Amino acid sequence: MSLYILPKERLPGFVDNLRAGFRVVGPVRTETGYAFADIRSADELVLEYPTTILPPKKYLLPQRETLFTFRTGKAEDGAQQIEVEPVFQDVQPTVIFGVHTCDMHGIVLYDKVFSQGYKDEHYCARREQTYIIGIECLRPCDDASFCKDMGTLTAPPVYDLHMTAVDDNYLIDTGTEKGERLLLANVEAHLATTDDIRRLSQTLSAKWPHFRHRLKMTKDQIPSLMAINYGSHIWDTLGERCLACGSCTNVCPTCFCFDVQDEMALNMEEGERARMWDSCQLREFALVAGGHNFRASKASRVRHRMMRKGKYIQQVHGITGCTGCGRCQRACLVDITIPGTLNALYDEMQIDLSSATGA
Amino acid sequence: MTRKSTQPAPEAVNGSQVRITVHHVTRVEGHGNIVVDVRNGTLERCELEIIETPRFFEAMLRGRPYTQASHITSRICGICACGHATASLRATERALSVQLSDQTVLLRRLVMHGEMLDSHILHVYMLVAPDFLGVGSVIPLATSHPDIVKRALRMKQFAGELCAAFAGRHTHPIAMTVGGFTHFPSRQQVEALRERAEALRADVDATVELFATLPYPQFERETEFVALVQPDDYGFIDGMIGSTDHPPRPVDEYRQVTNERLAVHSTAKHTAHQRESYMVGALARFNLKHMHLHPRAQAAAAHLGLSAPCFKPYYNSVAQVVEIVHCVEDVVRLLDTALERGIVPEDPAPVTLRPGARGVGAVDVPRGVLFHEYQIGEDGLIQEANCVIPTGQNLGNIDRDMRALVPTLLSEPEDVIRHRLEMLVRAYDPCISCSTHFLNVEFVGK
Amino acid sequence: MLAKPKIAFFDFTSCEGCQLTVIDALQTHLGLLDLVEIVQFREAMSEKGDDYQIAFIEGSCTRESDEQRLRAIRQQAMIVVALGACAHLGGVNAMKNRWPIEDVQTYVYGQAGRNLYESYPARPISEVIEVDYAIPGCPIDREEFVRIVQRLLQGRKPKLPDYPLCVECKLAENACLNKLGKPCLGPITRAGCHAICPSHGDGCEGCRGFISEANFTYMREILRGHGLSDVEIDAQFTMFNYYQLAAMGADAPLSQINGNGHRRHAADAEVLPASTFAAPKEA
Amino acid sequence: MFEMASNLTTTTTPRAVNGHSSIYLPTIAQVVDVQTETAFEKVYTVRLPGGQNLGHRPGQFVMVSIPGVGEAPISVMSSPSRTFDTFKLCIRNAGDLTSVIHNTILPGDYIGIRGPFGRGFPLEVFKGKDVLVAPGGLGMAPARSLIDEILDNREEYGRLIVLYGAKNPSEILFRDELRAWRQRDDIELFVTVDRPDESWVGHIGVITRLFPRVQINPFKTIAVTIGPPVMYRFVVMELLGKGLTPDQIWMSFERRMKCGVGKCGHCQVNHRYSCQDGPAWTYAEALAFEEAL
Ligand SMILES: Cc1cc2nc3c(=O)[nH]c(=O)nc-3n(C[C@H](O)[C@H](O)[C@H](O)COP(=O)(O)OP(=O)(O)OC[C@H]3O[C@@H](n4cnc5c(N)ncnc54)[C@H](O)[C@@H]3O)c2cc1C
Ligand code: SF4
Ligand code: SF4
Ligand code: SF4
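Residue numbers (the working numbering), protein chains in the order written: chain A, 1 to 359; chain B, 1 to 446; chain C, 1 to 283; chain D, 1 to 293.
These are calculated hints, taken from the structure and not from any lab test. Keep in mind that a hint or two might mislead.
Just a few of them, taken from the derived set where beta-carbon distance is under 10 Å, the chain C residues facing chain D [said to hold, decoys possible]:
no., residue
1, R156
2, K159
3, S199
All of these numbers come straight from a predicted model, not from anything done at the bench. Cβ coordinates follow ideal geometry from the N, Cα and C atoms, glycine included.
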């Protein structure tokens, strides 16, 4: 696998060729911003986009997904009969174009979650037919981004192709063999020359100063910071503000919790069971029979989310649970942010420390 | 309504004694009763009681931001929701000197056409047709005449989706706002609508055929007709107030037409212009501006036996069928214009707030002319509001039609009289939820 | 499971848009007619049956004579469902409750109209009779209506979402209106309408009622951030939920409700004068 | 850590679509018997297709569903020692799905089953030890599985002590079994009710009132407690008071569950999934999760 060079003007041709054999999705302009959407013509694709409201996770775990269909009826003797049939929705060759590096880190986590333990073939079957074409971030999306802190500013090895804009060309790294075949079969691209690679290196090293640090601690310190601060009063302050609207988790590239519900056809005999995104920020998420709610307070829910991002996911999967994409900050109407929270916890500890040491 | 009527002067009729009460006339929007009382050959009482509770929308609007007015007033009526919203927006816009873009005007027209279709289809198929097909409602028709019902639902669905494409929803439109729209459909959506509108012609033709076969009562009474008129157009929004008795007036002078007064037997206010009462609605529009109908609609009118001037109130339903034909043709034309120009998302036009700004909005909704008038303060809060609703304007005319009709029917069995009266009321397509709400016929003794 | 239950529709003070929505639901769900037998539906049919198991009631209770009708329905029906915001919350009808009813009557009908027509402050029907379930919305959502009928047929209790609209709005990937500086009550309003208003560029007005966890304090902050005055924020909160907020008395998150929960607007004169606009000439 | 129970293929036989199978597809199983236990609980005997063995261990649960209604986790009540071609579930009428089950499912009807899921109790650790089981309320259902298993392999365990608390006499589960157990001398049974009625002659008060009645050898006892969340704190206090260490105390953490296979997130306790790593945990493990108790 190697580095290729593709003149920018050949991108539309590449996209159009892909469209012949694949569902092609990528960032497009909307009335108010950008969103991942089906690409109906190559000129809709906008690779220099700041960010989207929803990450491309919606193509891997759709907002609503049918798991199986069923048919019920009565046998001659009056006994209830049931037939079930699994459904694998949206399993089709798909190319996701223009995935930012942070979002690729989200996909790394998804791949782990849905393939480990009980393999979720609804996800895996779709994933296997999905090609990820990344785009290197050369500028931060906006002030909400903190990918540099979270170490997600470089592409994880989850892409099939990864593009970096260098002058009038894209330098394309082939992450997988199938990615390389996809490229070569659909556009005329040449192996990058040493000169091209030198310019790529220059571009990559030049990007770093454009990104700023927002956290007062390093990424590696976060899990311990969270562990120590489980009982912090800061959670109560945040809980008071929180609207329990779940916007933060719905837009998060590493949130994957879901609800499962049945729906009946009008004839009341057929129907389907489907899963849909759910959020731990909602009141009923941990409510059980008898009316007991394991996370009744909004404070406990905000804490759970922060703990997941900062600690739990790291503990279970060994990778960061927050990609620093900044989406939850952009979505939150009451300014509950991850950097803000982590820094507040950190500051609090500095104060405690200084008072303890009598400084 | 608990009040006893004191109003109608006794009128002499032929000998018999009839007391009819129809409580809660059905298949109309809202609640009303019909009361007929004939004693010793004298028509003691004959009136349509509006027993809907008054809703006091004018009071509700007081002190509210002008931005809410169209959303509040659309809740006056679920079926003319877009019409109320449009009249409300026009009143606000005229008060606040808002200049609408051509695109906004075009899209508003499409929404009104959608509502006209939706309402007329509902009325002629589901509320009127059962009378002629000898059933009590559209529900048995679903089994006895499934094709008719499915056609009606198909046509209505298109009408609803037309409204929804531009306004977000038919019942209580969302995207229509002061100065413009907050949402715009994609080109693909508009193209698909255009295609469906054209495909609807077959259903429209079948509708004309069906209604051409129905035996409408030929009862006739000369009256005044009032509708909004525009030069060279069969439009529904803005224009002048036209009358068969009087030269057109600017909409700002609507009070000189409506002359609202209280009728004790009705929670809706009655109106009178040149005569004791006048009629608004499809038949009024047809009588005043049939020459601007689309040629296909004119042909349909001829086929249905409708020609101006027509003084037969039962033919209001026929005029509605003619308007269905017209609207579908006009929708195709308007959608073509939209596609030609392209629908460009644009911000609503700006408002100019100033102390005591006043404006009147007038829209010819399915049941006739609707007026909203607001006074808005510099702080953007509504200070005064008035809404004059078409059904309210028709009520006096319905009473007078009934008083003319009953004496001609006295030899008929009570059931027939009752049914005829109900059909008459229904022909007006009264929307009593607007005028607040409606209907009940009370026959007392014979 | 109820075998083909008889259902009936009743309307009180409302625009009848919810009943129309039921008729509209037939456009796409004609099969509903196979599942239930409609025995009363005044808006659409003349036949009348008085033996029904499920009653759908549209509209608010706004006068004493409504109460009797409501009680009769309750007595007959096994299940009573409030259909739409007017029945469920009081809805827009309750906006008039801000003033004494006589003043409101005078305002619209003139001095002669004072006390001419029977009317009192609007109430949700649950204030008069026991209501089993509600289908919220102004108007109701067709799909939700069908779903709830289906659940009743299964012998299950319909369940409404108790989370805010923002959930559905985010799933639809709408740009948040509050972020764009346009007021939207999504964060405190019960989901279930697929965020239809924000999806069409217009802020939610709360027609489905507030969630049990509604964070009024911060909702107010958000609206203030858009430059809305207290009066305008009150107007936002009370378009559909006036009744609920007034019932909270001194705790109501409104700037213009005083300590004893009285509903008079500070900006208004003591007595609402007859409107120079609306009050008609006397008969 | 104990090994994860991943024997799901033993019962779910999802038909594949294009070579894919679904972990969410229930196996359609027949209810062969329904017994009413109390006003709120019924016991359902379920037979998998072909009389396949469920292959569970005590403390595990299955996801029970009625297509068109929903799915919920239900503990397996029967012990592995008594599970051949059928297994038993004790279901309380608690909500949406369970009320439909109570109201409509008759012998001969079909329901959906997935599982068994969860870790269950590690019998290999229990063997040779005295076992104290302290169920409260419906916790008696999963406890049955463990008690019967021990009774059927009596020689492999030491003493068996059962301390059972119910709200009132009418909510006591498995009265016949309790009676039979009383007849045996190899099981020490104590039952208490919070609110007695006239007919009640047994112990009165909350479950912790039973603890002073038993003496245990803290060096060789394993305690298992299963019940509503509020009960745990008090029971644990009693057990620690008797000298047990946190890793000798097992408890079952019931959370909301939508998938049963460690994906949906509802059953999370800190970073752990109750459906996978639980629902049975030692108190020692639970101490490490702030959210557990
Ligand atoms: C590992 C495990 C084992 C279990 N074993 C058993 C068993 O053996 N037997 C048994 O009977 N149960 C058992 N349960 C419990 C059972 O799974 C729950 O009672 C389950 O919720 C029943 O599903 P349902 O659809 O009937 O109830 P649901 O409709 O989900 O309702 C359950 C409860 O949730 C609460 N709830 C839901 N919605 C709301 C709302 N809107 N507002 C307030 N409260 C609400 C209520 O308290 C309600 O009673 C077990 C649970 C777990 C996790
Ligand atoms: S943190 Fe913000 S986005 Fe998340 S639930 Fe709370 S208010 Fe909503
Ligand atoms: S537009 Fe309204 S409903 Fe949508 S996310 Fe924003 S606040 Fe919530
Ligand atoms: S968005 Fe709000 S106002 Fe609009 S329908 Fe939904 S709940 Fe009602």
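Taking the earlier hints as the rules, which of them does this structure contradict? As far as the earlier hints go, only 3 is violated by this structure.
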